[in-house]
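Produce the complete structure using the sequences and hints provided.
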Amino acid sequence: MGRQCKSTKKLLALFIDEIPDDKLLEFSDTPGEIYSQQNFRLDLQGKTSSGGWNLQIQVNYGAETEALQAMAPDTISGPVLVTLELPMTPEEIREEFRNKIIQPQPQPRKRKRKR
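Counting in numbering that gives the first Met the number 0, the sequence shown tops out at residue 114, every number present.
Simulated from the structure, these hints should not be mistaken for laboratory data.
Only a predicted model underlies this, so the values are computations on that prediction, with no experimental measurement involved.
Among the hints, erroneous ones may be present.
The calculated DSSO-like cross-link candidates involving lysine-lysine, where the alpha carbons are at most 27 angstroms apart (straight line), are [as the list claims (entries may be wrong)]:
no., residue 1, residue 2
1, LYS99, LYS5
2, LYS22, LYS99
3, LYS5, LYS22
4, LYS22, LYS9
5, LYS99, LYS46
6, LYS8, LYS99
7, LYS46, LYS22
8, LYS22, LYS8
9, LYS9, LYS99
What follows is the structure, given as structure tokens:
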């Protein structure tokens, strides 16, 4: 099997770098997608009991590599908790995501049954 030309780590780093600042400045109280590209999406999971926002990056089903497709819809980075008491700049939030990359667990491949 050939090596993937784009690694999961590089694709995730690119996604984190490309999240627009305005998507990291204000958050809703309603859970949902904040920003999305082909491989990943930035989701607001909801508010924490202390009133902060729980942000996570998850893998999309339509991802461009088989390795990523096997991880969908799992969280690949996060959570990053943003609070009003300790406001963070967009770059600080990006850095938190870079520091909270989850090592994916290999998914067992489904075997085809012989007939």
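Right, here's what the structure says about each hint:
1. LYS99 <-> LYS5: OK: LYS99 and LYS5 at ~20 angstroms, within 27 angstroms.
2. LYS22 <-> LYS99: 19 angstroms, holds
3. LYS5 <-> LYS22: Given pair LYS5, LYS22 holds - Cα atoms ~25 angstroms apart, limit 27 angstroms.
4. LYS22 <-> LYS9: 21 angstroms, holds
5. LYS99 <-> LYS46: Within the cut-off at roughly 19 angstroms; holds.
6. LYS8 <-> LYS99: At roughly 12 angstroms apart (the allowed maximum being 27 angstroms), LYS99 and LYS8 satisfy the hint.
7. LYS46 <-> LYS22: The hint holds at about 16 angstroms.
8. LYS22 <-> LYS8: Status holds; Cα separation ~22 angstroms.
9. LYS9 <-> LYS99: 15 angstroms, holds
Violated hints: none; the structure is consistent with every hint.
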